[in-house]
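Undergrad: Top line first, the protein sequences correspond to chains A, B, C and D. Per the numbering used here, residue 1 is the first one in the first sequence, and the count goes up by one each step. Per the numbering used here, residue 1001 is the first one in the second sequence, and the count goes up by one each step. Per the numbering used here, residue 2001 is the first one in the third sequence, and the count goes up by one each step. Per the numbering used here, residue 3001 is the first one in the fourth sequence, and the count goes up by one each step.
Treat each hint with caution, since some may be false.
Computed cross-link-like contacts, SDA-like style, restricted to lysine to any residue with a CA-CA straight-line distance of at most 25 Å [stated by the list, open to error]:
#: 1; chain 1: D; residue 1: K3170; chain 2: B; residue 2: R1225
#: 2; chain 1: B; residue 1: K1009; chain 2: D; residue 2: P3136
#: 3; chain 1: C; residue 1: K2098; chain 2: C; residue 2: A2108
From chain B, some residues computed to sit far from chain D (all C-beta separations above 12 Å) [what the hints assert, rightly or not]:
#: 4; residue: E1089
#: 5; residue: D1110
#: 6; residue: R1129
#: 7; residue: E1173
#: 8; residue: H1219
#: 9; residue: P1222
#: 10; residue: R1317
Hints in this document: simulated from the structure, not taken from any laboratory. Built from N, CA and C at the ideal position, the CB exists for glycine as well.
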Amino acid sequence: MKKFVNDPKNFVPEMLKGIALANPDTLKYVPEYNLIMRADAPSHDKVSIVQGSGSGHEPAHVMVVGKGMLDAACPGDVFAAPPMEYVLETAKLVASDKGVLLLVNNYTGDKMAFEMASELAEAEGLDVRTLFINDDVAVQDSTWTVGRRGVAGNFFVMKAVGAASEQGADLDELVRIGEKVNSVTRTMGIALTPCTPPAKGSPLFQLGDDEMEVGVGIHGEPGRRRAKLVSADEIVDELLGAVVPDLPYASGDDVALMINGLGGTPISELYLLYGIAHEKLAAQGVTVGRSYVGEYCTSLDMAGASLTLVQLDDEIRALLEAPAEIAYRVF
Amino acid sequence: MKKFVNDPKNFVPEMLKGIALANPDTLKYVPEYNLIMRADAPSHDKVSIVQGSGSGHEPAHVMVVGKGMLDAACPGDVFAAPPMEYVLETAKLVASDKGVLLLVNNYTGDKMAFEMASELAEAEGLDVRTLFINDDVAVQDSTWTVGRRGVAGNFFVMKAVGAASEQGADLDELVRIGEKVNSVTRTMGIALTPCTPPAKGSPLFQLGDDEMEVGVGIHGEPGRRRAKLVSADEIVDELLGAVVPDLPYASGDDVALMINGLGGTPISELYLLYGIAHEKLAAQGVTVGRSYVGEYCTSLDMAGASLTLVQLDDEIRALLEAPAEIAYRVF
Amino acid sequence: MTTGQERVESVVRTIAETCVANETYFGDLDSVVGDGDFGYSLARGFENVLAGWDAYDRSDAGTFLQKVAVTMSGRIGGTSGPIWGTAFLRAAGVVKGKDAVSGDDLVAMLRAAVEGIKARGGAEVGEKTLLDALVPMTDTIEARLAAGDDADAVAKAAATTARAAAEATKELQARRGRASYTGERSIGSVDPGAVAVAVLAERVAETW
Amino acid sequence: MTTGQERVESVVRTIAETCVANETYFGDLDSVVGDGDFGYSLARGFENVLAGWDAYDRSDAGTFLQKVAVTMSGRIGGTSGPIWGTAFLRAAGVVKGKDAVSGDDLVAMLRAAVEGIKARGGAEVGEKTLLDALVPMTDTIEARLAAGDDADAVAKAAATTARAAAEATKELQARRGRASYTGERSIGSVDPGAVAVAVLAERVAETW
Ligand SMILES: Nc1ncnc2c1ncn2[C@@H]1O[C@H](COP(=O)(O)OP(=O)(O)O)[C@@H](O)[C@H]1O
Ligand SMILES: Nc1ncnc2c1ncn2[C@@H]1O[C@H](COP(=O)(O)OP(=O)(O)O)[C@@H](O)[C@H]1O
Ligand SMILES: [Mg+2]
Ligand SMILES: [Mg+2]
Ligand SMILES: [Mg+2]
Ligand SMILES: [Mg+2]
């Protein structure tokens, strides 16, 4: 394992400590519950927004806590949903008079932890609503399965409800907005290499030198199929071929296009993919009104990328354009 | 080679096209000279700032073009200084009445290209000044060598002169500021894995499963020595042990601390390193007044990180805090 | 067959120590079509249990099991925290206030755990989860107790059934949990949760 | 020994084709203590030369070489663009207006190229650059011409010297260019630029 790490069991707490030390004026780290929160939370003139998930997806979600996005993030261990108790305590710590919105990526473990926690929080008198994000088209939704996964598209839900809450929207309104953004957001990813969880110390799966995993999950879950590695052009065709017809996105649509790096892929390659996707969409009559290129929701050190489309309307566009001040910044 | 790429020879132009497509209102891509420039450049009430270097270090420098930072970046091929002609044409395209400042990382190829180009630009009547950046403590400076390399510390020079130029500083003033920032900036890096240039298709060097390269260059050049991989704590000791005594940074100093990812290392590990470095500096009486964690100057897909310190004073701090609007953004 | 509270505690200790010892093995099983953290979650969970052990209120078997449950579901994440926590919690309810556990109690505890797991995660038998080992194992225990076998023989039979059932999950397609995302590709590998049940049953039988 | 402009052009074509053919080999040499792009830079540079070939003004040998120089230094980056471009430019200056090249011209061209390289990059012989093959090779050519050898023999002797000199760079510590960053670790591997000179000299000798 080639990682910067001390004791792998302390990987997550040590990372969280680093985030707090780098942002002393704006963020607070609460070691007992493994959480990062805004130093000024709760603010009683806005709904508080919390997202939890396993760790290993940074900057999601601990690095997008701040004005205009999350009020707190409660991560679990690497790739493990947070314990129910941590979710509950996080909700209590940031509980605002206007309520708490819990954002959850749709996975079995996360779903259970958040459902248990929100039941208990309600029992304690908190006004809590929970919203599930499930943008991953790689997984077929059906009553026989656990439903689609939440992946990089969660950024758009967080950004939209974060902006709306800053503008004073109430809990019902935030749920409406979050569900709306989730409903027009679709993602699919491709892995070129596996990732290595620090505590495991070895790659999570094996991938041949000339292979890629199409539709990979952000926890290294296998995707739709394993295929021979092809050119960037063909990869974009594959991703658009899965994402575009799913909603479907149609000629005349104005979209946000995100090329998200999975952790080990340099941003140069992401921009290369972006350019190809932008042009292919334009050729289909789909206009990219807003672009996102970089790392938003990663899978540790996995080389790979995901492509997300969001159908824009005036409301969503304005919320995405609103300012935000988060730890994950450049200058 | 596991990369998103079509024909490797088109890797750089395809990336540049992607950058321009993602930023249609603010950036322009000029394929003839392989350059990215602000759409509104030149602006005659400010000095234009240009940085060139090989590609493969993204976001440096093509993704930090924009208000408050560069007016243009002219990259060469991966790891190759730009051709002299491209530097010259870039300077001409953004030439402002207040002059042009050329920023160059101190490498043989870059130095020659920029010296030739600025001679020719002056011959054509342009007011040009050139500033070399050389923050890498891994390399010993002496009259027998080509001097120290410019690495991730170049961010601080770009940011400071970019802000000052936006505030109306003239060329002499910018040179003063740039030299001052460069003189108080020191960096050292460590590689955990080699990088793979797209056109080469295989790793640039070999590193054992339990080895790291201490003092590595951002082009994969070997560093001070090869050593056994150690814990994150010990790695930070090694980096601080090289950087701190070099200026030296002393108790009572207020510094900017940057943990820069070299391309393949996830940001979670960078924050972990940041937290350790922040605390070790504090224990030495050095206060971190400003923090930078993420990718600033990479080496393709190399796993690794560099640590940079900048001695802050009121002038430098204000310039670093000034706003900027660049392609490399999050929301 | 009736056992005292000490035996309940020693079985829980065996379970805890076995999960800690099998961290890597269970993690590797979860790497095949999951995310590799099953071993880590169980090991950290039961490490917490072992660390809290001496401080647990053990006024009766039920109270003791409830403390174990709270540690698991409160402090451990992933799917396993809520699932295993709920299982222990429901089992605890059956023997609340009792300091001895009869054969009938044991079967009722396991049935309660199974119902709790189903309620919490929405899974049924045949969907490739730990239920596919736990339910047949419980059936065997019930049958052997009814047939009058002694505790040792019951434990051995339970282990044999759990192992066979865990191996048989290889043929199943996952419909719950992370493995379900892979659809047909989940066929061909065993379910880590079911194998964990088999390993634990074997270890309990060995140390009876 | 005097050769016509056609021979000058055919030597340049041999150089160009040999650099294109050795892209991977030269790149691998540059990976040892450099950044691996030496082969790529030369190959792309000389591909440009070959692509521009038919359009080049070739009114005389000097003009032709100047066009080659401008292509190399104007369009090719890295260290090699300016270094090789300057070398061709200085050589071009010696034969400007001439359409035949004498033995003395050849030596003067090589000396001019060497001076240009030194001026551009600040290197001296012994600092582990292509100069360490180019200078001894030029000495040999001058000596063999003075001794009255025919062109073929001169070319073969040049190649032999260049190869030996390139191999000898192994013993040197790099003081210029990217390899110099490694200090003593640069000892033990050959300089890519010097080896390129040797390969080109051998190929020119073979195809004379
Ligand atoms: N819905 C469910 N109900 C019961 N057990 C489940 C369910 N989903 C998964 N499991 C069990 O949990 C095991 C995986 O646990 P764990 O690795 O902690 O989950 P994850 O990492 O997917 O959140 C599986 O092997 C399976 O036996
Ligand atoms: N200052 C210099 N003067 C002359 N030749 C040099 C100098 N520095 C390096 N070289 C030659 O250039 C070769 C490397 O070229 P190239 O790979 O293009 O450079 P880089 O990638 O380091 O910019 C070296 O093998 C050496 O022969
Ligand atoms: Mg998990
Ligand atoms: Mg180079
Ligand atoms: Mg798992
Ligand atoms: Mg090179």
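Undergrad: Look at each hint and say if it fits the structure.
TA: To see whether the hints hold, each was checked on the structure:
{"no.": "1", "hint": "K3170(D) x R1225(B)", "in the structure": "holds (20 Å)"}
{"no.": "2", "hint": "K1009(B) x P3136(D)", "in the structure": "violated (35 Å)"}
{"no.": "3", "hint": "K2098(C) x A2108(C)", "in the structure": "holds (13 Å)"}
{"no.": "4", "hint": "E1089", "in the structure": "violated (10 Å)"}
{"no.": "5", "hint": "D1110", "in the structure": "violated (9 Å)"}
{"no.": "6", "hint": "R1129", "in the structure": "holds (20 Å)"}
{"no.": "7", "hint": "E1173", "in the structure": "holds (30 Å)"}
{"no.": "8", "hint": "H1219", "in the structure": "violated (4 Å)"}
{"no.": "9", "hint": "P1222", "in the structure": "violated (5 Å)"}
{"no.": "10", "hint": "R1317", "in the structure": "holds (32 Å)"}
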